[in-house]
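Protein chains in written order, with the UniProt record's numbering: chain A, 1 to 571; chain B, 1 to 571.
A couple of the hints might just be wrong.
A pair counts as met if it fits within one copy or between any two copies, since identical chains are not told apart.
What the hints assert, rightly or not - Quick list of in silico lysine to any residue cross-link-like pairs, SDA-like style, CA-CA up to 20 Å:
| no. | residue 1 | residue 2 |
| --- | --- | --- |
| 1 | Lys-320 | Thr-222 |
| 2 | Lys-320 | Gly-221 |
| 3 | Lys-178 | Pro-216 |
| 4 | Lys-82 | Pro-150 |
| 5 | Lys-223 | Thr-288 |
| 6 | Lys-444 | Leu-541 |
| 7 | Lys-320 | Thr-565 |
| 8 | Lys-82 | Asp-269 |
| 9 | Lys-82 | Glu-372 |
| 10 | Lys-323 | Ile-435 |
| 11 | Lys-444 | Arg-454 |
| 12 | Lys-320 | Lys-528 |
| 13 | Lys-82 | Val-71 |
| 14 | Lys-46 | Gly-87 |
| 15 | Lys-528 | Gly-221 |
| 16 | Lys-323 | Asp-498 |
| 17 | Lys-320 | Leu-569 |
| 18 | Lys-528 | Ala-563 |
| 19 | Lys-145 | Arg-485 |
| 20 | Lys-444 | Ala-380 |
| 21 | Lys-323 | Met-497 |
| 22 | Lys-178 | Asp-95 |
| 23 | Lys-65 | Asp-238 |
| 24 | Lys-323 | Thr-222 |
These are computed hints drawn from the structure, not numbers from a lab.
Protein chains: 2
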Amino acid sequence: MPYRAPVEDYNFLFNHIVGLEDVRATEKFAEATDDVIRAILEEAGKLCNDIVAPLQRPGDLHPAKLENGVVRTSPGFAEGFKAIAEGGWLGISADPEYGGMGLPLAMASAVNEMMSGACLSLQLAPLMSQGQIEALEHHASDAIKELYLPKLISGEWTGTMNLTEPQAGSDVGALSTKAEDNGDGTFSISGQKIYITWGDNDFGDNVCHLVLARLPGAPAGTKGISLFLVPKFLPNEDGSLGARNTLQVVSLEHKLGLHGSPTCVMQYDKAVGWLVGPEQGGMAAMFTMMNNARLGVGEQGIGIAEAAYQHALSYALDRKQGKNIRPNGSGTIVDHADVRRMLMTMKAETYAARAIAASCAVAIDMSNATGEAEWKSRAAFLTPITKAFGTDVGIDMAQMGVQVHGGMGVIEETGAAQFYRDVRVTSIYEGTNGIQAMDLVARKMMDGGEAANRLMDEIETHAEAARDAFPNMADAVWQATETLREATEWLVAQDDMDTRFAGAVPYLRAFARVLGGHLHLKAALADKGGPREKLARFYILRLLPEHAGLLVHAQSGAADLFALTTDELIA
Amino acid sequence: MPYRAPVEDYNFLFNHIVGLEDVRATEKFAEATDDVIRAILEEAGKLCNDIVAPLQRPGDLHPAKLENGVVRTSPGFAEGFKAIAEGGWLGISADPEYGGMGLPLAMASAVNEMMSGACLSLQLAPLMSQGQIEALEHHASDAIKELYLPKLISGEWTGTMNLTEPQAGSDVGALSTKAEDNGDGTFSISGQKIYITWGDNDFGDNVCHLVLARLPGAPAGTKGISLFLVPKFLPNEDGSLGARNTLQVVSLEHKLGLHGSPTCVMQYDKAVGWLVGPEQGGMAAMFTMMNNARLGVGEQGIGIAEAAYQHALSYALDRKQGKNIRPNGSGTIVDHADVRRMLMTMKAETYAARAIAASCAVAIDMSNATGEAEWKSRAAFLTPITKAFGTDVGIDMAQMGVQVHGGMGVIEETGAAQFYRDVRVTSIYEGTNGIQAMDLVARKMMDGGEAANRLMDEIETHAEAARDAFPNMADAVWQATETLREATEWLVAQDDMDTRFAGAVPYLRAFARVLGGHLHLKAALADKGGPREKLARFYILRLLPEHAGLLVHAQSGAADLFALTTDELIA
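Starting from the given sequences, assemble the full structure and let the hints guide the process.
Here it is in structure tokens:
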């Protein structure tokens, strides 16, 4: 059973769960009618099923290679990228002025999830370009926009993000790449960057790097960082390509997964670049890009969870083992209670994570369309949850998918192990999930918990309204929200940041659990007596109870974490 | 920081926690004095640190290969196996009559864990031989014992287990390999076996296969299965090697991990074999072997958890990132609360799983030494918990170890990813963890929950005794045990097996959680004010609360698992 993009689930989410009608009601997104959305999801689904998904195995078996300083991509990837570009998928949310479709981010996110489930290694290439398009739209000069955006949106050129250096990972402020003003409107960039996803390829005419660097005399830390656009080939004013820039791919990393996606060490030797945004304004520009990239990485986890589920289900429906134990069963392992438990978990978790991500995307769209502070803080609050929970679900479901396969799960030919390898990095890049959780309990709670409380109010109001239809489920969601509220109050009251950080990861997960319960309950109401009600019942009665233990953990403080000395940790 | 075998932790466990003094007080194990045990652990630790651990990376980078029908092992593996054999480690628990040391299984298990943490791919070779030694000791004729056991114990020959066939995995009774009586005391074995760990090697003079097969007219299912010993070379009576037998390695699997361990497809074409145990008595013989193998696989998970912890700790102590955030901190990421949370989790979980495994090994030793039914049922009850929890901890801690490494975690050179790949199969082979859990709630509860209740009585009695010293911790363990008891009563009362199976995995995990709390509480009492008390506090107050949510899940019944039709699962 080949991969099938979850088109119907998105139609359901958009129509019944996450309030896309509010987005469509804004002037900015008035063109995103129901018909348009259906047609676009359908078309994206076809692309993912027919063109992108068949590239997943070849990318793993034939990794990208560095040959004479040039990256040679996996078989079929050039054609795959071209198909994505020609379909206009690079610019779904991009400005129509430069060739984009101008559709809601909710749509772009849905397509990104589908593409991630189809072939995560390849999907990273458009994702990087999309991030660059967005950063340039918000922060670049008109001249840069006019020159670069049409090429990036059409896919003639591709984009990358260059943040990390060996000594500057999570602490990006420690970076030491230098920029010097050439006095002619250009800058000279020198330094080494690592972990550069799709740092080069053999299908784009040009590769455009957004590079964080430090101007002479700039203050230490993130405040002193500026952002530069540094292309592989220096473009002429008409967009034709001029001289080769002095930057190169030094090596590719040998990674656990994502073999089709070249992860480059990049060397810049007085490479020519242009400032994007103001001097010392690099971090603000990167944050624009990173926030949506966090949603994008969350979608990657969800895409792999979906693909791993489909793969495991297909195996379970086919694999005969043991007697035909159920009178009307299929005679395969899908009839076994524990296999069902795993498949139901995979299906229920994937829906929960997807619904959270779609809610986050809608909040970003509403924030962009209306400029309202409440939408902005909703988006800011949901982003770290979407990233961390989406990728945790991706990792856990890929792992469960291997388990459903039994011994075949660790034999590479079946593909179950590839999901497990490919998805692993998603909880690390674009800010580790620990950093997402710290962001949630620190920066996203500087409002005294207001954004959290508004969300919990909505969940409880909805649960009360659902009580007549589903007393048990509604009550479980309501009670869980109360427990979450107490924990939130406790966290907000802690002035010592370590005390909050010590409980950050379990708190984030508990919040996602409760959100998942809420979004399943909504689905049950929209599909009374149908499969979504049944799936909601499984989630709310079996998986939601996890929140209580997590919230005890979240309120345990930091002292015991540091009770052991370094020597005692080693012993 | 290279791998260091956890010698001190085992000395502590044996002296203070799991009651090895009872084992030593039996006649059978009277020679296992405290001095002997210390010396042996020390010696095994040295072997693991100095000889075995350096083979871990070469095994991954240079996988075992099949060349002209012969398996060529990874660089250094032949010397490594020789060192293990010469140290006498193959026969720690084997009968001294044939060259074994006759020590408790608790000792063998400790050494197996250490060796697994050092190099899991290589450790599988001695583990397979040990399983064969045990099966032959219990079930083979004297002639076979005298011919084979000294060679297997000395490591001149190696052993394998041949159960699985393509259509017969978890359902071993579906196997179709045939045995025919040659009328001269030998049998002709024909068929194909898959997933044969260390099915061949280039360092043993002979490879001896224990093969499950079916005699003509044997009943269907497991009842009709017999066990045969089928050597690669047919030995003469004096132990010298005669003709090559008609069996061969057809191919090696391309696996996610354990590249140094050849996983073979074996073909038997009228290969000559000898019956082990009575005709149709194959499953009974295999069960002897499998029970201890389950303990052994649990130890593998724990070994990887330990190694992944040490690896992650070493990285965290070295990696500078961000400001020096703690006044007396080391200035590396080990000072960050969330990194500490991960490291403390790894250390606390590894101890819990190790203490459970050691308790299981002691119960097996006591059962063997005394023949008492209570020890036998204790051993039987703890075996599936040890296997499933030990391997789950291994997988989860390897995954957490990758996370501690950040971006470096998915770069293969660091080794963190290798643990993640190598350990993954352990929750699958030797009976999937789902099957372990089903065994626990079905076969191991046929006593109406008596074995479970005796264990819980002990836990509660101990918690009451600990209340003066540690009121909070003791109370948490006592309360958790009560919740577990209610769930146990509920499960035992369910006659419908699907209802039990539907909650089997969460129930097993909750039981392990409570056992872990108990064994941490014991450690705290033995080390008041010391690091073990601090670690216990972390485990009992942060991780133990998970049990409650799991036990809700465990008592949810099977109906909702089967609520979705196959079509609805696909949709």
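Taking each numbered hint in turn, which are not upheld by the structure, reported in ascending numerical order? 6, 8, 9, 12, 15, 19, 22 and 23
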